[in-house]
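K.L.:
The lines below spell out each chain.
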Amino acid sequence: MEFSFYEFRYAPLSIQIAGIFIVVAIVCTLLAYFSILVGRYRAYRQSERLKKLHPIIDEQLMEHILLNEELASDVPADQVQLPLESFQQPVFEKKWARQALIDRLIHYRNNVRGSMGEQLRNLYIQLDLDKDSLKKMKSRKWERKVQGLAEMSNMNMSIADVTILPLTNSNNRELRAAARHAYIKLSKNEPFKFFDVVTEPLLLWDQVELFKIISTTEHIAIPNFAQWITYSSNKSIVSFCLKLVVHYNQLSAVPAVIRLLDTKDHYVRADAINCLGKMKVEDVEEKLVHMYNSQPLNCRLEILKALGRISSGKYVDFLRQEFLHATDFEVRKHAAKSLINNKWAAKGLIQELIDTATAENKLILKHSMNPLIKF
Amino acid sequence: MDNIWETLGRIYENGVFIYGTVLLVTYALLAIFSMISVRAYAKRDNVDQLNTLLSSPLAPGITVLAPAFNEGLTIIFNVRSLLTLNYPRYEIIIVNDGSTDNSLEQMIEEFQLVPVDFAYNAKIQTKPVRKIYKSSNPAYAKLMVIDKVNGKSKADAVNAGINAAAYPHFVCTDVDCILDKNTLLELIKPVMQEEKKRVIATGATLRIANSCEFDQGVMTRMRPPRQLLPRFQEVEYIRAFVLGKMGWTLLNCVPNVSGGLGLFDKEIAIRSGGYDHSSFGEDMELMTRMCRYAHDNKIEYAIRYIPKTLCWTEAPVTVKIFNRQRTRWARGLAQLMYAHFGMFLNPRYGRMGMIIFPYNFFFELLAPIIEFTGIIYYIVMGIFGLINWPTALILLLFVYTYSVMITTIAILWDQLSFKYYRTWKEVAFLCLTPFMEFFLYHPLIVIFALRGYWYFLTGKKSTWGNMQRRGFQQTPKPAATAAAAK
Amino acid sequence: MSSKILLIEDDEVMPKIVERILHKEEYKIEHVTNGKEAFQKLEDTDYGFDLIITDIMMPYANGFEILSRVKNRKEGKPIPVIIVSNAGNEDMILEGFKLGADDFLKKPVIPGELLIRVKRLLMQYNR
Numbered sequence: 137m138e139f140s141f142y143e144f145r146y147a148p149l150s151i152q153i154a155g156i157f158i159v160v161a162i163v164c165t166l167l168a169y170f171s172i173l174v175g176r177y178r179a180y181r182q183s184e185r186l187k188k189l190h191p192i193i194d195e196q197l198m199e200h201i202l203l204n205e206e207l208a209s210d211v212p213a214d215q216v217q218l219p220l221e222s223f224q225q226p227v228f229e230k231k232w233a234r235q236a237l238i239d240r241l242i243h244y245r246n247n248v249r250g251s252m253g254e255q256l257r258n259l260y261i262q263l264d265l266d267k268d269s270l271k272k273m274k275s276r277k278w279e280r281k282v283q284g285l286a287e288m289s290n291m292n293m294s295i296a297d298v299t300i301l302p303l304t305n306s307n308n309r310e311l312r313a314a315a316r317h318a319y320i321k322l323s324k325n326e327p328f329k330f331f332d333v334v335t336e337p338l339l340l341w342d343q344v345e346l347f348k349i350i351s352t353t354e355h356i357a358i359p360n361f362a363q364w365i366t367y368s369s370n371k372s373i374v375s376f377c378l379k380l381v382v383h384y385n386q387l388s389a390v391p392a393v394i395r396l397l398d399t400k401d402h403y404v405r406a407d408a409i410n411c412l413g414k415m416k417v418e419d420v421e422e423k424l425v426h427m428y429n430s431q432p433l434n435c436r437l438e439i440l441k442a443l444g445r446i447s448s449g450k451y452v453d454f455l456r457q458e459f460l461h462a463t464d465f466e467v468r469k470h471a472a473k474s475l476i477n478n479k480w481a482a483k484g485l486i487q488e489l490i491d492t493a494t495a496e497n498k499l500i501l502k503h504s505m506n507p508l509i510k511f
Numbered sequence: 000m001d002n003i004w005e006t007l008g009r010i011y012e013n014g015v016f017i018y019g020t021v022l023l024v025t026y027a028l029l030a031i032f033s034m035i036s037v038r039a040y041a042k043r044d045n046v047d048q049l050n051t052l053l054s055s056p057l058a059p060g061i062t063v064l065a066p067a068f069n070e071g072l073t074i075i076f077n078v079r080s081l082l083t084l085n086y087p088r089y090e091i092i093i094v095n096d097g098s099t100d101n102s103l104e105q106m107i108e109e110f111q112l113v114p115v116d117f118a119y120n121a122k123i124q125t126k127p128v129r130k131i132y133k134s135s136n137p138a139y140a141k142l143m144v145i146d147k148v149n150g151k152s153k154a155d156a157v158n159a160g161i162n163a164a165a166y167p168h169f170v171c172t173d174v175d176c177i178l179d180k181n182t183l184l185e186l187i188k189p190v191m192q193e194e195k196k197r198v199i200a201t202g203a204t205l206r207i208a209n210s211c212e213f214d215q216g217v218m219t220r221m222r223p224p225r226q227l228l229p230r231f232q233e234v235e236y237i238r239a240f241v242l243g244k245m246g247w248t249l250l251n252c253v254p255n256v257s258g259g260l261g262l263f264d265k266e267i268a269i270r271s272g273g274y275d276h277s278s279f280g281e282d283m284e285l286m287t288r289m290c291r292y293a294h295d296n297k298i299e300y301a302i303r304y305i306p307k308t309l310c311w312t313e314a315p316v317t318v319k320i321f322n323r324q325r326t327r328w329a330r331g332l333a334q335l336m337y338a339h340f341g342m343f344l345n346p347r348y349g350r351m352g353m354i355i356f357p358y359n360f361f362f363e364l365l366a367p368i369i370e371f372t373g374i375i376y377y378i379v380m381g382i383f384g385l386i387n388w389p390t391a392l393i394l395l396l397f398v399y400t401y402s403v404m405i406t407t408i409a410i411l412w413d414q415l416s417f418k419y420y421r422t423w424k425e426v427a428f429l430c431l432t433p434f435m436e437f438f439l440y441h442p443l444i445v446i447f448a449l450r451g452y453w454y455f456l457t458g459k460k461s462t463w464g465n466m467q468r469r470g471f472q473q474t475p476k477p478a479a480t481a482a483a484a485k
Numbered sequence: 243m244s245s246k247i248l249l250i251e252d253d254e255v256m257p258k259i260v261e262r263i264l265h266k267e268e269y270k271i272e273h274v275t276n277g278k279e280a281f282q283k284l285e286d287t288d289y290g291f292d293l294i295i296t297d298i299m300m301p302y303a304n305g306f307e308i309l310s311r312v313k314n315r316k317e318g319k320p321i322p323v324i325i326v327s328n329a330g331n332e333d334m335i336l337e338g339f340k341l342g343a344d345d346f347l348k349k350p351v352i353p354g355e356l357l358i359r360v361k362r363l364l365m366q367y368n369r
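Residue numbers (our numbering), protein chains in the order written: chain V, 137 to 511; chain Z, 0 to 485; chain H, 243 to 369.
Pulled out of the complex, with its shape left as it was, chain V reads as follows (with noise of 0.2 Å):
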């Protein structure tokens, strides 16, 4: 079984095609083991200098900069003059060195904020290092920018409109979000404006980037979000208002949120009825409890768990009512919990439930008292 080159030439196709691919396959292997190899030698490379280069930025930040005398001082934060020399190192000149130092600033800046968080930002700033994110900003890879993009956010360095407005009509996703993220925190004009144009709808993600930046950032100027729950056409932006609304307990755009009530979306308005529960709105029970045997399950629970919320022991009968005759488990197990919210309202009558109900009754008016269980 001897192979030349002569048979192999004058062999089927098939069999020419399957020794081309014989050939191809272990080239491609012997590829694969290659870069292997040289992945994992970069690897390790790279964690072993930063293994020795942690301690020694740890070690300045400790000495220079996280306890400056200085910051004890009158002096505002970003006018101390901070011992550069010491960072004046020369591994401090290649770039990996200046990112794991920007990586390592952020890492602190993630635990401490203060004057502390402020001296970093300083370091930042005079080591020149925001000129390398800057430059990150201006690469072509898309997630580059978003990186450079997160060091200036993280670091509160305002950008240039002209800068980072392309950025926020992106093509890509990510890009756009980040920039639009970037430009709500850092921008001193319209930070919200973007809550007027973005037509697609916001992902549950991005609401949870921005409802980070929205109730972390200083001195960021709450608007009335009342102007988008009444007027935007998109309902990601007006549930992500609604929940702005909540967190910041604003009693000034309640008119709006019960305004949505009739909106035709069922979902949004769910999100409405659970706002106002939320803010425990007495005064729209009424309405609630009126429009409730027009709504379709989500409503229906949400209005039950506003009642419940609201506790005003009004509508202890209307509870009843639906806790022993409604058909649906859950609407009955929403009517319990709230009737035991609205309990001081309601002792003789809740007694006497629990008295008179069934078994399966009796189960769910326990469930909804023990404190252990929580849904």
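Just so you know, the hints here were simulated from the structure itself, not pulled from any lab data.
One should not assume that every hint holds.
Claimed, not checked - Once the Cα atoms are required to be at most 27 Å apart in a straight line, the calculated BS3-like pairs of lysine-lysine come out as:
1. Z:K180 - V:K187
2. V:K479 - H:K340
3. H:K348 - Z:K180
4. Z:K265 - V:K400
5. Z:K180 - H:K283
6. Z:K42 - V:K271
7. V:K423 - V:K441
What the hints assert, rightly or not - Here are a few chain Z residues that face chain V, going by a calculated C-beta distance under 10 Å:
8. L23
9. M143
10. M191
11. Q192
12. F397
Said to hold, decoys possible - Here are a few chain H residues that face chain V, going by a calculated C-beta distance under 7 Å:
13. I259
14. R262
15. K349
16. P350
17. V351
18. P353
Each residue gets a CB set at the ideal place from its N, CA and C atoms; glycine is no exception.
Use these hints to put chains Z and H onto chain V, whose structure you have.
P.N.:
The following block gives chains Z and H in isolation, referenced to the frame of chain V:
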């Protein structure tokens, strides 16, 4: 007469040739697709994002469901490790599926459980629930234990958990699986980042825990299995998850979210009827039904996979138990294909009907059969002296090198994005495994699959193969921690 | 006499920051990185700490378990516990207080705030 045989032989040969070519092309495409999606994932992978979600009051709630049957050896540590997952809003439901050991007593004692009057609503029918426990210690407020009559299947146990779950998503796992601490954050992320579709399930890579080191349910050292059989399975898992599932996720064609770890949309799971306790492959069966439900109700859905390893599971060490596991899987596949054959090449079911189902039918279900007939064919031809040996050997060599290449590429994708294993020696060790797979491991799989099909056809009675648990905590605890764990 | 503080935190840089905020002369800080070590330390020293600062999510045992163990101890002097975490979900904060946490600080912390709360709690408990 001779002529007929010759023609039949030629048809068979050509058929197999086309089949083989399509299969090889499919694998090549999967390798490319998986590279694209693994790279896309790695670009988006970012610790800060996870931290943002971790601190957010807007994080969606997740229920973690873990059925347990006679896991007394490790249950306390495993529940403890579930209690330390990083996530702001979740509950843990352990379903004690009629264990005959003292698992329940251990949990009651350790976590100060008391029975509660829980308004349990059986949206999915299961074997009766005896009692539901919650902890009287607020430190364990997240924990709930359901004690139910043994239903002889994981499906029945998980269904009971789904009925009691409070949150809109649930993560299904096994009590003996070890989860990464960021599992919930990672699994919910694709759900929250999807733009237009509703993500009904997400899954992540599973690996073999056999040679990893554990301390009280926490993994301290990751290692590829030292024993041969589990190591083959590790390689197979890497190929199936990192190359297979990641390739399919790019096309939104994920055929199955593994039973070891998956996050599901509770509403759709319940509406689809929950897990089927009569199925031998209940995870894939549910996934198929959920897709079917979504199609029937015009819900634009997506199933996503992530390449990160989030779950370590114990693999069978003996051929006997491995046999039982694979026979069961094959039987489940045959069952599924039979039950849902209406979806096969049915354009009404979109990609499910036109891509996933045909792929599973031809390359998962039929593959062992075709391989087996191929071997018989060769033997027969050999007896009649009709084999052109050089040609046959070249083809064999081709298939061999190709399979080694595909597996090595899978290991490469995995290694490039995530540097699992500490030393390069362990990786080299792993890279050698595919060379033996073809001769040692693959024939086993074919035989066990055929056995499964046979059982399916004959309807042999079979119950849960209760795997022998080895128990994860090998080293005896130092006295101090034992005292502290009281 | 300096006060002994147990810091339970799995983040790398947080202990350094805390050490900077709470000066060596006044506070002696011992640092452990997970629930197991924390329990071990507490057992070994027979709960010999004046204050505990803990994160919530950590390997082996979470902050709530540590809190519950410390607060449910029958004998010995009571120890104040401050939770410092980046998980600032309202439910979690409530859960913490239900278990008897004395204070809850959300990361990133303000140095002055941490210092004042530590001082106040030490005074309160040493009266």
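K.L.:
Look at each hint and say if it fits the structure.
P.N.:
Cross-check of the supplied hints:
1. Z:K180 - V:K187: 24 Å, holds
2. V:K479 - H:K340: Since the Cα atoms of K479 (chain V) and K340 (chain H) sit roughly 22 Å apart, the hinted pair holds (cutoff 27 Å).
3. H:K348 - Z:K180: 21 Å, holds
4. Z:K265 - V:K400: Holds, at about 26 Å.
5. Z:K180 - H:K283: OK: K180 (chain Z) and K283 (chain H) at ~23 Å, within 27 Å.
6. Z:K42 - V:K271: 19 Å, holds
7. V:K423 - V:K441: Judged against 27 Å, a Cα distance of about 15 Å means the pair holds.
8. L23: 8 Å, holds
9. M143: 9 Å, holds
10. M191: 4 Å, holds
11. Q192: 5 Å, holds
12. F397: Given a least distance of 4 Å, the restraint on F397 (chain Z) holds.
13. I259: Hint holds; I259 (chain H) Cβ to chain V Cβ min 5 Å, cut 7 Å.
14. R262: It holds, given that the least Cβ distance between R262 (chain H) and chain V is near 5 Å, below 7 Å.
15. K349: 6 Å, holds
16. P350: 4 Å, holds
17. V351: 6 Å, holds
18. P353: 5 Å, holds
When held up to the earlier numbered hints, the structure conflicts with none and fits them all.
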